[in-house]
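Chains D and R, in that order, are what the protein sequence lines are.
In my numbering, each residue's number is its place in the first sequence (first place is 1) plus 1.
In my numbering, each residue's number is its place in the second sequence (first place is 1) plus 1.
Some hints here could point you the wrong way.
[To be verified] Each computed SDA-like pair below joins lysine to any residue, with the alpha-carbon atoms no more than 20 Å apart: (1) Lys404(D) x Gln327(R); (2) Lys404(R) x Gly338(D); (3) Lys175(R) x Gln327(D); (4) Lys175(R) x Gly186(R); (5) Lys175(D) x Gly206(D); (6) Lys425(R) x Lys425(D); (7) Lys404(D) x Leu411(R); (8) Lys425(D) x His176(R); (9) Lys404(R) x Trp155(D); (10) Lys175(R) x Glu165(R); (11) Lys425(R) x Leu21(D); (12) Lys175(R) x Ala354(D); (13) Lys425(D) x Gln327(R); (14) Lys175(R) x Glu339(R); (15) Lys425(D) x Gly12(R); (16) Lys404(R) x Lys404(D); (17) Lys404(D) x Ala421(D); (18) Lys175(R) x Glu339(D); (19) Lys425(D) x Ala354(R); (20) Lys175(R) x Leu329(D); (21) Lys175(D) x Leu329(R); (22) Lys425(R) x Ala354(D); (23) Lys404(R) x Ser330(D); (24) Lys425(R) x Gln327(D); (25) Lys404(R) x Ala355(D); (26) Lys425(R) x Gly356(D); (27) Lys404(R) x Ser15(D); (28) Lys404(R) x Glu339(D).
[Claimed, not checked] Example chain R residues on the side facing chain D (calculated, C-beta under 8 Å, incomplete): (29) Val111; (30) Trp155; (31) Thr156; (32) Glu174; (33) His176; (34) Ser258; (35) Asp277; (36) Leu279; (37) Ala354; (38) Gly356.
Simulated from the structure, these hints should not be mistaken for laboratory data.
Glycine included, C-beta positions come from ideal geometry on N, C-alpha and C.
Protein chains: 2
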Amino acid sequence: MHVDIGNVLDGTPSVSRDSLERLDETVAAAHERIESGRADAEHGYAALNLPETADADGIRAAVEPFGDAEAIVTVGIGGSALGAATLTEALADEDDPDAYYLDNVDPEHVSTLAESLPLSETVVNVVSRSGTTAETLSNFLVVRDAMEAAGVDWTDRTFVTTGEEGNLRNLAEKHDLPALDVPEGVPGRFSVLSTVGLAAAAIQGHDLDALLTGAAEEADRLSGSLFDSPAYAYGATTYALAQRGALTNAMMPYAESLEYFAEWFAQLWAESLGKDGLGQTPARALGATDQHSQLQLYRAGPRDKLVTLVRPREREDREIPETDLQGLSYLGGSSLGELLDAEFEATEASLAAAGVPNVRIEIDRVDERGLGELLYGMEAACVLYGELANVSTFTQPAVEWGKRAARGLLGGGDFEEADAVAEKTTLVVE
Amino acid sequence: MHVDIGNVLDGTPSVSRDSLERLDETVAAAHERIESGRADAEHGYAALNLPETADADGIRAAVEPFGDAEAIVTVGIGGSALGAATLTEALADEDDPDAYYLDNVDPEHVSTLAESLPLSETVVNVVSRSGTTAETLSNFLVVRDAMEAAGVDWTDRTFVTTGEEGNLRNLAEKHDLPALDVPEGVPGRFSVLSTVGLAAAAIQGHDLDALLTGAAEEADRLSGSLFDSPAYAYGATTYALAQRGALTNAMMPYAESLEYFAEWFAQLWAESLGKDGLGQTPARALGATDQHSQLQLYRAGPRDKLVTLVRPREREDREIPETDLQGLSYLGGSSLGELLDAEFEATEASLAAAGVPNVRIEIDRVDERGLGELLYGMEAACVLYGELANVSTFTQPAVEWGKRAARGLLGGGDFEEADAVAEKTTLVVE
Numbered sequence: 002m003h004v005d006i007g008n009v010l011d012g013t014p015s016v017s018r019d020s021l022e023r024l025d026e027t028v029a030a031a032h033e034r035i036e037s038g039r040a041d042a043e044h045g046y047a048a049l050n051l052p053e054t055a056d057a058d059g060i061r062a063a064v065e066p067f068g069d070a071e072a073i074v075t076v077g078i079g080g081s082a083l084g085a086a087t088l089t090e091a092l093a094d095e096d097d098p099d100a101y102y103l104d105n106v107d108p109e110h111v112s113t114l115a116e117s118l119p120l121s122e123t124v125v126n127v128v129s130r131s132g133t134t135a136e137t138l139s140n141f142l143v144v145r146d147a148m149e150a151a152g153v154d155w156t157d158r159t160f161v162t163t164g165e166e167g168n169l170r171n172l173a174e175k176h177d178l179p180a181l182d183v184p185e186g187v188p189g190r191f192s193v194l195s196t197v198g199l200a201a202a203a204i205q206g207h208d209l210d211a212l213l214t215g216a217a218e219e220a221d222r223l224s225g226s227l228f229d230s231p232a233y234a235y236g237a238t239t240y241a242l243a244q245r246g247a248l249t250n251a252m253m254p255y256a257e258s259l260e261y262f263a264e265w266f267a268q269l270w271a272e273s274l275g276k277d278g279l280g281q282t283p284a285r286a287l288g289a290t291d292q293h294s295q296l297q298l299y300r301a302g303p304r305d306k307l308v309t310l311v312r313p314r315e316r317e318d319r320e321i322p323e324t325d326l327q328g329l330s331y332l333g334g335s336s337l338g339e340l341l342d343a344e345f346e347a348t349e350a351s352l353a354a355a356g357v358p359n360v361r362i363e364i365d366r367v368d369e370r371g372l373g374e375l376l377y378g379m380e381a382a383c384v385l386y387g388e389l390a391n392v393s394t395f396t397q398p399a400v401e402w403g404k405r406a407a408r409g410l411l412g413g414g415d416f417e418e419a420d421a422v423a424e425k426t427t428l429v430v431e
Numbered sequence: 002m003h004v005d006i007g008n009v010l011d012g013t014p015s016v017s018r019d020s021l022e023r024l025d026e027t028v029a030a031a032h033e034r035i036e037s038g039r040a041d042a043e044h045g046y047a048a049l050n051l052p053e054t055a056d057a058d059g060i061r062a063a064v065e066p067f068g069d070a071e072a073i074v075t076v077g078i079g080g081s082a083l084g085a086a087t088l089t090e091a092l093a094d095e096d097d098p099d100a101y102y103l104d105n106v107d108p109e110h111v112s113t114l115a116e117s118l119p120l121s122e123t124v125v126n127v128v129s130r131s132g133t134t135a136e137t138l139s140n141f142l143v144v145r146d147a148m149e150a151a152g153v154d155w156t157d158r159t160f161v162t163t164g165e166e167g168n169l170r171n172l173a174e175k176h177d178l179p180a181l182d183v184p185e186g187v188p189g190r191f192s193v194l195s196t197v198g199l200a201a202a203a204i205q206g207h208d209l210d211a212l213l214t215g216a217a218e219e220a221d222r223l224s225g226s227l228f229d230s231p232a233y234a235y236g237a238t239t240y241a242l243a244q245r246g247a248l249t250n251a252m253m254p255y256a257e258s259l260e261y262f263a264e265w266f267a268q269l270w271a272e273s274l275g276k277d278g279l280g281q282t283p284a285r286a287l288g289a290t291d292q293h294s295q296l297q298l299y300r301a302g303p304r305d306k307l308v309t310l311v312r313p314r315e316r317e318d319r320e321i322p323e324t325d326l327q328g329l330s331y332l333g334g335s336s337l338g339e340l341l342d343a344e345f346e347a348t349e350a351s352l353a354a355a356g357v358p359n360v361r362i363e364i365d366r367v368d369e370r371g372l373g374e375l376l377y378g379m380e381a382a383c384v385l386y387g388e389l390a391n392v393s394t395f396t397q398p399a400v401e402w403g404k405r406a407a408r409g410l411l412g413g414g415d416f417e418e419a420d421a422v423a424e425k426t427t428l429v430v431e
């Protein structure tokens with residue numbers, strides 16, 4: 002992974018070279034803390050060991066019975082879906098089985114999917130560490146019902162990815178389903194390089210070893226200085242900019258195949274760092290499309306942003322045919338890739354010229370190795386940011402309130418949070 | 002459209018009832034300005050007349066030759082794609098022709114789509130007011146080439162949506178292609194209810210009259226008081242909250258079919274209001290999924306946000322089958338829709354309990370009429386916000402710099418902006 006932070010040195014806000022050098026002393030201490038957490042496989046820090054601890058052979062063996070699948074449905078929500086979706090969207094070829102994600106409880110969407118799937122050729126992966134996630138279990142019950150109604154033996158077409166005990170573990174034992182273990186100490190949003198993220202990629206036939214090798218190479222680049230580690234360069238720079246007022250981080254890959262990566266990053270960044278009144282709001286963007294949507298705001302709006310531009314250095318290109326259309330002859334003989342790269346560099350310069358800080362991240366290609374580097378790099382950047390900000394990176398306490406309220410509303414127990422729902426202040430205009 | 006602003010009256014930031022009443026005098030003046038602009042069909046304001054001026058019959062007639070299409074490819078970028086995408090995603094049934102959008106110049110994506118389309122059964126709509134948009138024309142040239150290579154007569158399968166003159170107009174005349182007029186005075190991001198947004202929906206067979214009726218009904222609700230107009234209630238509240246520090250507006254529909262609506266809103270809001278150092282950054286979210294991704298940040302992060310929660314009051318529901326899974330029996334006999342509604346209300350209450358301002362927007366159903374209300378309502382809200390903030394709502398000057406730089410880089414002329422690209426400050430960590 003190549004990180005260029007040259008365009009944060011000037012602008013509003015900005016971080017001077019001197020400030021970065023002062024910050025680097027803190028980075029050294031944070032790196033020691035991270036390495037100590039990794040050595041002890043502490044909760045959260047253990048995720049940074051996945052390049053070594055993930056069991057690619059075990060995953061391949063577990064999904065081997067489903068090698069003939071035409072479709073993979075991952076039933077999970079949040080970190081139980083986003084990592085897998087990021088990998089399959091980025092890597093899938095046309096010939097691979099289609100990957101779908103039931104990561105919401107929209108009845109119309111779930112019904113449409115359940116009715117359009119080739120159920121007898123579909124493999125279902127139910128992912129929940131606890132085995133009690135309401136959305137995931139509800140969707141699983143619906144899909145299982147649809148399979149039974151279609152005369153498909155769901156026990157032949159289902160496996161689970163879950164913790165050591167709980168509903169899904171019991172279900173797997175009762176029906177002799179393949180079961181993958183969610184690793185200890187790895188929060189969902191850091192689980193892309195574990196069983197949780199890798200199973201769907203394995204069924205599509207992607208090279209898990211290359212993914213883990215790319216990640217391991219990025220891990221090897223972690224060091225006590227942000228000037229030597231791409232991941233820490235990104236984590237330290239985003240932290241310093243946030244301190245100086247860049248409360249929004251627009252993540253803008255220039256590759257359609259990385260659109261889901263921006264979603265994955267948004268969860269990683271928001272749920273890890275958004276606490277104690279701190280954190281940086283991830284804004285999901287896509288180049289070049291969002292130049293015609295968000296760029297006006299990024300360039301001319303409030304100075305509360307940085308823009309992260311991501312691209313592969315190489316991709317399969319496509320020539321633009323010659324044309325006699327007026328004023329467009331300059332495009333003929335060029336290629337879509339050249340146009341996209343020109344727009345990337347133009348946008349980067351445009352932001353710099355307007356004083357909007359921006360960071361360039363490049364990988365060699367959108368392939369297994371490049372993704373391994375990128376995903377691991379962002380995770381390490383996030384952990385470093387959390388150390389520098391002194392927040393509890395690996396927890397998500399603020400989502401519990403709503404879970405209790407929803408459960409109370411559905412008759413799943415007596416929760417005072419549910420009472421607050423009925424007391425809503427209303428001022429309706431209609 | 003039903004707008005409930007009760008949850009902005011307390012919190013951080015918040016707007017008191019008194020403040021809203023004071024602001025309402027300014028709303029009255031802004032409404033007069035808007036009505037005057039509409040009466041004179043001034044640039045931009047003319048968009049708010051589309052419920053009356055759009056020619057549904059003309060659109061249906063133009064696309065009638067393509068009634069047999071299996072796929073529709075809209076080639077356009079920004080406002081030339083987002084409106085159509087919002088409508089087709091929200092309204093499409095399984096039996097409708099598939100709608101695709103070439104709104105980026107990623108060569109891998111364009112190639113994959115060109116190779117997978119049933120080209121002889123595909124209709125291509127090339128959308129560009131000027132007829133010179135580099136991304137759109139490049140993609141069109143590639144698709145035309147693919148049709149020719151496949152032995153398909155592209156002139157039988159293509160129509161254009163463009164301004165009175167320019168490349169695409171000339172092309173249509175030369176090859177006798179159906180041509181729809183982009184209406185005068187309607188900026189791209191306000192064009193969903195015109196030819197630009199409606200053509201793809203017409204080919205899918207949706208009810209354009211109901212869309213326009215819904216919009217007209219929302220237009221009828223515009224008035225000199227935010228307390229009488231849902232659109233103005235939203236525009237005035239978001240403006241007042243932004244003034245008080247809510248520089249991010251998380252748009253969070255609780256319906257998969259409205260996921261693209263959040264993209265459309267993000268363009269409308271960012272490009273219209275992001276200028277002069279002002280504006281509100283739209284963060285695109287999706288309920289309930291993003292409860293497991295963004296909610297931690299919204300609830301516990303910096304107090305620079307409001308959350309807009311959108312849902313239909315009715316939808317096709319799906320029962321959750323009874324289960325013997327431990328601790329989940331409360332879900333059995335309930336439905337996915339009930340679960341989703343409980344999560345909506347729980348999240349709303351959760352934000353309110355944490356003092357995060359939030360607005361509830363409801364439509365009756367995600368159908369043509371409901372969408373007409375919602376899209377028109379957001380446009381009117383945006384125009385009102387622009388009046389209150391005293392910005393140039395209908396221009397996007399900040400994107401021009403990058404366009405010139407990209408054109409210069411591609412050899413399309415001598416532009417000083419292109420020189421700045423070569424002068425980039427670099428600080429690379431790899």
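Satisfaction of hint between Gln327(R) and Lys425(D), Cα-Cα up to 20 Å:
Violated. Lys425(D) to Gln327(R) sits at ~32 Å, over the 20 Å cutoff.
Would you check whether Glu174(R) satisfies its interface hint, that is, whether its CB is within less than 8 Å of any CB in chain D?
13 Å, violated
Could you check if His176(R) really has its C-beta closer than 8 Å to a C-beta on chain D?
Status violated, d = 12 Å.
With 8 Å as the cut and Cβ atoms as the points, is Val111(R) at the interface with chain D?
6 Å, holds
Lys404(R) and Glu339(D) were given as a pair; does the straight-line alpha-carbon distance stay at or below 20 Å?
It holds: about 14 Å lies between the C-alpha atoms, which stays within 20 Å.
Tell me if Ser258(R) is really an interface residue toward chain D, meaning its C-beta lies closer than 8 Å to one of theirs.
Holds: closest Cβ of chain D sits about 7 Å from Ser258(R), inside 8 Å.
With a cut-off of 20 Å on the C-alpha distance, tell me whether Lys425(R) and Lys425(D) pass.
52 Å, violated
Does Gly338(D) lie within 20 Å of Lys404(R) when you go C-alpha to C-alpha?
Holds - the C-alpha atoms of Gly338(D) and Lys404(R) are around 16 Å apart, at most 20 Å.
Is Lys404(R) within 20 Å of Ser15(D), Cα to Cα?
Not satisfied, since the Cα-Cα distance of roughly 25 Å exceeds 20 Å.
At a threshold of 8 Å, is the proposed contact between Asp277(R) and chain D supported by beta-carbon distances?
At 7 Å from the nearest chain D Cβ, Asp277(R) passes the 8 Å test, so the hint holds.
Taking only the CA atoms, is the gap from Lys175(R) to Gln327(D) under or equal to 20 Å?
14 Å, holds
With chain D as the partner, please determine if Gly356(R) meets the hint condition of a C-beta pair closer than 8 Å.
At 11 Å from the nearest chain D Cβ, Gly356(R) fails the 8 Å test, so the hint is violated.
Figure legend: structure checked against the earlier numbered hints; hints not met, in rising order: 4, 5, 6, 7, 8, 9, 12, 13, 14, 16, 18, 24, 27, 30, 31, 32, 33, 38.
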